[in-house]
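Participant: As given, the protein sequences belong to chains A and B, one line each in that order.
In terms of the numbering used here, the first sequence is residues 180 to 314.
In terms of the numbering used here, the second sequence is residues -8 to 123.
Worth flagging that the hints you see were computed from the coordinates, not collected in a lab.
Taking lysine-lysine pairs in the DSSO-like style, the calculated list, with each CA pair at most 27 Å apart, reads:
#1 Lys53/B / Lys310/A
#2 Lys296/A / Lys266/A
#3 Lys233/A / Lys53/B
#4 Lys53/B / Lys182/A
#5 Lys99/B / Lys182/A
#6 Lys182/A / Lys233/A
#7 Lys233/A / Lys310/A
#8 Lys266/A / Lys310/A
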Amino acid sequence: MKKARLLHTMLRVGNLQHSIDFYCGVMGMRVLRTLDQPKDKFSLTFLGYGDESKTCVLELTYNYGVDNYELGTAYGHVAIGVEDCEKVCTEITARGGEVTYGPAFMDGLNEMIAFVKDPDGYQIELVERPKDWLP
Amino acid sequence: MTEVSKIFKGAIPYRMLYTMIRVTDLGRSVAFYRDVLGMREVRRETFSEGRFTLVFMGYSNKPDEMLIELTCNWGDNSYEHGTGYGHLALEVEDIFVACDRLGGMGVKIIREPGSMTWPVDETGHRENIAFI
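Next up, chain A with everything else stripped away, as it sits in the complex:
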């Protein structure tokens, strides 16, 4: 393969509006596009921090009438970069989000991380790194 890149991560959600409220209202993403397909009873919503042509985004799939899924143990989380992890956690809590871990400084990695839970229970990692973290 000559050229490839990661486009999106797809997660199935039980209540699309709750998820959109969370990812936009709490996590600061915006809805980039939607595709509702009543005939096949599903709806896709793409959300992210930037244009899909440049950044990797999240695809939320809502299957009509299915309000919950088995989360399993293989899938872990999506990690999201933040400028100020403590500030983001305070803001998320104020907006009704649930911080499940941290903020905590990871000595070995020189980064501050926290975990939050989305409405379906998927974990999201927040990562704050110094500007010169990567060479």
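Let chain A serve as the given structure and place chain B on it in line with the hints.
Facilitator: Positioned in the frame of chain A, the structure of chain B alone reads:
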């Protein structure tokens, strides 16, 4: 910068870094993402005390590039896939050539490449897709 992001400067997440999945056989997974999907190992962290290894795979090591984080726990590491997580999507230049190549390498093509069977959305976005 919009008004809102000025007010909440630093308090709003701003980009996706990576998606983490747990794997059973790290060597096999790294080989798959590297040799079959063409990624490279961007970095590796070994935690002897916590008994796990993290390997970050991606198409470039530019700081703003989205990566896949493979977590391998050294002890019990068989996992349930569940029904919530769907998939990762990769963009390729030529999906037909890509699937030919993958098929030739023994990768099972779950959905043969072709156009989506539903109409284009409001953005007029058109694409061919395949699943492996």
